[in-house]
Amino acid sequence: MTTSARELLCDLMPSFPVRHSGQIYTDTTQFMNINYGDVIALKERNFLVLRDEAERRFGLEDPKYWVKRCRELNSGKRFILKLVFHEKFEQKIGPLTINCYRSPKKESRILDLIRGDERFMQGKTVLDEAGNPVRILDVISGKSLDNVVEDIDMDHRTYFHEKFPGILEKFIGSCEGIKYMHDNGERHGDVRRDHIYVEYGTGDYRWIDFDYAYESTENPFGLDLFGLGSILLFITGKGVHDAVSLTSSPSGLEFYSSLSPDDFFLIFSHRVINLRKLFPYIPESLNRVLMHFSQGAYITYETIDEMLPDLRQGLKDVSTL
Amino acid sequence: MNFKKILLAVDASENSSRAIEYTGVIIGDAADFQIELLYVERMPERDIFPDETSWQTACEEEKDKIRKFLDQAKSMLLNRGVRPEIVSIRYLKFSDFYGSPNDVGFRGVANQIMHAQQEGNFGTLVVGRRGVSKTEEFLFGSVSTKIIHHIKGCTVWVVE
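Each protein sequence line maps, in turn, to chains A and B. Just so you know, we're using the working numbering here: the first sequence kicks off at 8 and counts up by one. Just so you know, we're using the working numbering here: the second sequence kicks off at 15 and counts up by one.
Do not rely on the hints blindly, as some may be mistaken.
[Unchecked claim] Straight-line Cα separation of at most 25 angstroms, PhoX-like style, residue types lysine-lysine; simulated pairs:
1) A:LYS95 with B:LYS79
2) A:LYS186 with B:LYS77
3) A:LYS99 with B:LYS77
4) B:LYS19 with A:LYS284
5) B:LYS148 with B:LYS19
6) A:LYS95 with B:LYS77
Because the hints were derived from the structure by calculation, they are not lab data.
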């Protein structure tokens, strides 16, 4: 049962237009009904709903109706509330399609695990009146790593010498964050370059979104490792270099034609992973890390522990160029 | 290692059925072999279920399926002429896994199979193979590949 939020909003946020006052929800099960102007009441805390979150990929907005941008009435602070939504869907990874599940409990458990660790988004879980675990997440002021890298306006050589060492160092910190999860029996589940947020001011790299879960496999950390390899490729190359980007010029086409299958990413078979052929100043040590993710790799990484020493050596060599 | 002591590691897959058939045909009614059918427990991932009840139900269904499969596996061997007295069945429960939960790969089926092989002094290990692509192997792993890479002092039959 819901009641009007008008009185509560008049008391705690008099600047909010009365005509937009909605309902007070103590049970968030029907999250589709909760919209702008409604208030989600959790124990002693009240959150005014501002809008649904949306994921922006490839220029399109995909609304996430179970994720609400809110302002806490008592403190005036902004928060993101993630409501319970159990979903099973197919995820395409290169040539493969796998079942993926959204697990609120997994995310709550990880939020408890990484509390106070600045390598991750922070938040806590509160049960609503119906027992739904609502995740109250701090808003990270910043932008995603892919946007940060793409917005650096310089040629690759200058980027690689001036900006990349700092980016790689922070990325290694992010890898150590994922290792911490793995050491504690958890997996991130959705390691992507837009799931690292670079915080304004501090420049800290922080992982977001831990609610993806998968069926058991023999290599439990494979998906996370693939994601890290994919991010490493992106930041090293300052973007993706593939059939589309390279073949748009005659010289690029000639270069692309000279590559062998071993020069490409194992998962995305048109993406060049042997970046040293494209940018010869990339140290061999760093390129070798990338080549663990190539179609020609005989040995691949099974754990982050195996990858980290190689990455650190790569950083050392990049920093002394 | 006694190569006539055979560890036949199975799950309820078609690949396992092929491994069982193969072993049955090779051993036939020979008297001086021992075959242990081993299943390493892999319950459905807890996080993919919305609540405890549905997960428990799925676990019970999985256990039932495996127990039936193990009985069928024994029958398949006997149908190939294998003597009943040389066949045993072992269901390795998660609570009985070898090693410590903090060990790398503790939950891995390959890891547990290799522990069981060492402990039981099995000279021959038989596994089925899914025939996964390199991409799948990287992302999800492969029990047979891990065994081939890491096992010591034991002959491995990988049945395609």
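Going down the list of hints, with the structure as the test:
1. As the CA atoms of LYS95 (chain A) and LYS79 (chain B) are separated by approximately 23 angstroms, the hinted pair is consistent with the 25 angstroms bound.
2. With a CA separation close to 32 angstroms, the supplied pair LYS186 (chain A) and LYS77 (chain B) exceeds the 25 angstroms bound.
3. For the hint linking LYS99 (chain A) to LYS77 (chain B), the alpha-carbon distance of about 30 angstroms lies beyond 25 angstroms, and the restraint is violated.
4. Our distance criterion of 25 angstroms between C-alpha atoms is broken by LYS19 (chain B) and LYS284 (chain A), whose separation comes to about 52 angstroms.
5. A C-alpha spacing of about 32 angstroms is found between LYS148 (chain B) and LYS19 (chain B), which places the hinted pair above 25 angstroms, so the restraint is violated.
6. Between LYS95 (chain A) and LYS77 (chain B) the alpha-carbon distance is near 23 angstroms, which keeps this suggested pair within the 25 angstroms criterion.
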